[in-house]
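S.K.: Now for the letters of each chain:
2 protein chains.
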Amino acid sequence: MTYCLAVKVNRGLVLASDSRTNAGVDHVATYSKMRRYCWPGERVCVLMTSGSLATSQAVLNAINRDLNDPEAEFDLRQGKQLYEVAQYIGKLSQREQQLHAKGMEKSNTSAESNFILGGQINGQATEIFHIYPQGNFISASEDTPYLQIGETKYGKPILDRIIAKSTTLEDAARCALVSLDSTIRSNISVGPPIELAIYENDSLEAPFHNSYSLNSPMYKSTQKQWTDGLRKAFDQLPRFEWEKNQDSLTNK
Amino acid sequence: MTYCLAVKVNRGLVLASDSRTNAGVDHVATYSKMRRYCWPGERVCVLMTSGSLATSQAVLNAINRDLNDPEAEFDLRQGKQLYEVAQYIGKLSQREQQLHAKGMEKSNTSAESNFILGGQINGQATEIFHIYPQGNFISASEDTPYLQIGETKYGKPILDRIIAKSTTLEDAARCALVSLDSTIRSNISVGPPIELAIYENDSLEAPFHNSYSLNSPMYKSTQKQWTDGLRKAFDQLPRFEWEKNQDSLTNK
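Listed in order, the protein sequences are those of chains W and U. Note that the working numbering has the first sequence beginning at 41, numbered continuously upward. Note that the working numbering has the second sequence beginning at 41, numbered continuously upward.
Each hint should be verified, as a subset may be incorrect.
Since copy identity is lost for identical chains, a pair holds within one copy or between any two.
The list that follows gives simulated cross-link-like pairs (lysine-lysine, DSS-like), each with its CA atoms no further than 25 Å apart [unchecked claim]: (1) K205 - K272; (2) K284 - K264; (3) K272 - K260; (4) K131 - K205; (5) K120 - K131; (6) K260 - K142; (7) K146 - K272; (8) K205 - K284; (9) K284 - K260; (10) K142 - K131; (11) K264 - K205.
Don't read these hints as lab results, they were simulated from the structure.
All chains, full assembly: derive it from the sequences and hints.
M.R.: Dropping the structure here:
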């Protein structure tokens, strides 16, 4: 599995992804799931993938092929709106899946991939899209400022408590790290390193990017502080009636 | 959906369940998912269910029928070990599912139910079991002191951080409340009231039991304290390098 997350706040975007892939428990590997494309002053795209690694890689290859082919129908540098780029990725994904549809059906496996695309085109607003395996897509909204793909549930409660449009980029990035870390602790199909990208609206330059291993000082100290802070929060939760009376449960 | 949780710590058991049922979004209702059976001094059983409400109710009806039928093959008061009771519930569940197998197949729906059974029989250890729709079951262990059924993922990270065998019953109960609350916030198919049962080893009497609505003082204050505590923990997370230098992200 995989866990990728994109948050859109007033000041820009935060994107985060884990790096574990597996095809069964005896086929576990580490792959980056985040690609960054940048033409400074012109456009910035960050693409994250979950699902079939073969489909995801084929789509990334097709993106590069089209960028290097002056006769390509469309490529990442075309389109005046980011949703046209999302459409293009949806098409590449569908095309790749259809190529192998018969083979996949026979083996009863799935070639489906999900993508998150985030970025900005000069003169347009910053956007994030979740591109479904079917090729269609949704964007974030005022009320739903984040999108997730893969193992989304473990890391959702902290997002629901912290993230709002007004959250700072740095707080959104910290929240993404915590959301990823909670998922990594609770599900072995999601694993480090955690890649993090932060894009500030209208900068139109390569986003800040870092890859955090379990031993990275920032990741280690975030993990420790969060564990300690949670423990402290937990220890301050209200007592049951019988505890207040220093009574035992059996005499309740 | 549903979320039920059983925790087995050194001092006893904590069991918690939500109360929302749904068959599609236009058929949402409130049902208790926890049944308590107690013969003081003899045995205590707590049963929680998720999945098909029809199957769950049929199993509960069959349990009552057998308890009132002196000629029943087996009932909740029989069996020297709790796993025999788990076997019995698995059998009732399988029998009920098979009755409707043809009809369910035609409508492409599932009659599967999962159960958690917790309790103690005089002279035996306290136990918890997860009974699968197939009728077989697993118990908790030293390393895995909790069992979950239904929408299990949202509420798992906090369990993984807090619960150990040595956790007090009261802390385990608080953790269960937080785990349920996180799930309720992030998934509309899980809803209040939250039922909570606490059983102290060897008491062999009816467990402490309460049902917490959103307006219950204990639930409200737990929610508020937890939200505040998390926010405090979050605000104390380490800063990124550029924040320490009071620099902006773009000059990183």
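S.K.: Checking an output row: K142 and K131, CA cutoff 25 Å. Within, between, both or neither?
M.R.: within (18 Å within a copy, 41 Å between copies)
S.K.: If the cutoff is 25 Å on CA atoms, where do K272 and K260 land: within, between, both or neither? Let me know, please.
M.R.: both (18 Å within a copy, 19 Å between copies)
S.K.: Please work out whether the CA atoms of K264 and K205 approach to 25 Å or closer within one copy, between two copies, in both situations, or in neither?
M.R.: between (27 Å within a copy, 22 Å between copies)
S.K.: Should K205 paired with K272 be assigned to within, between, both, or neither, using CA atoms and 25 Å as the limit?
M.R.: Classified as between: cross-chain Cα gap 19 Å, same-chain 28 Å, threshold 25 Å.
S.K.: When no copy is named, should K284 and K264 be tagged within, between, both, or neither for a Cα gap of at most 25 Å?
M.R.: between (31 Å within a copy, 19 Å between copies)
S.K.: My question is about K131 and K205: at a cut-off of 25 Å on alpha-carbon distance, are they close within one copy, between copies, both, or neither?
M.R.: neither (30 Å within a copy, 52 Å between copies)
S.K.: When Cα atoms must be at most 25 Å apart, do K260 and K142 count as within-copy, between-copy, both, or neither?
M.R.: neither (46 Å within a copy, 54 Å between copies)
S.K.: Is the C-alpha distance from K205 to K284 at most 25 Å within one copy, between copies, in both cases, or in neither?
M.R.: between (40 Å within a copy, 24 Å between copies)
S.K.: Reference check for the pair K284 and K260, CA-CA at most 25 Å: within, between, both, or neither?
M.R.: between (37 Å within a copy, 17 Å between copies)
S.K.: Reference check for the pair K146 and K272, CA-CA at most 25 Å: within, between, both, or neither?
M.R.: Result: close neither inside a copy nor across copies, 53 Å intra and 53 Å inter.
S.K.: If the cut is 25 Å between Cα atoms, do K120 and K131 qualify within a copy, between copies, both or neither?
M.R.: Within one copy only: 17 Å inside a chain, 62 Å across chains, cut-off 25 Å.
Comparing the model with each earlier hint shows violations of hints 4, 6, 7; every other hint is respected.
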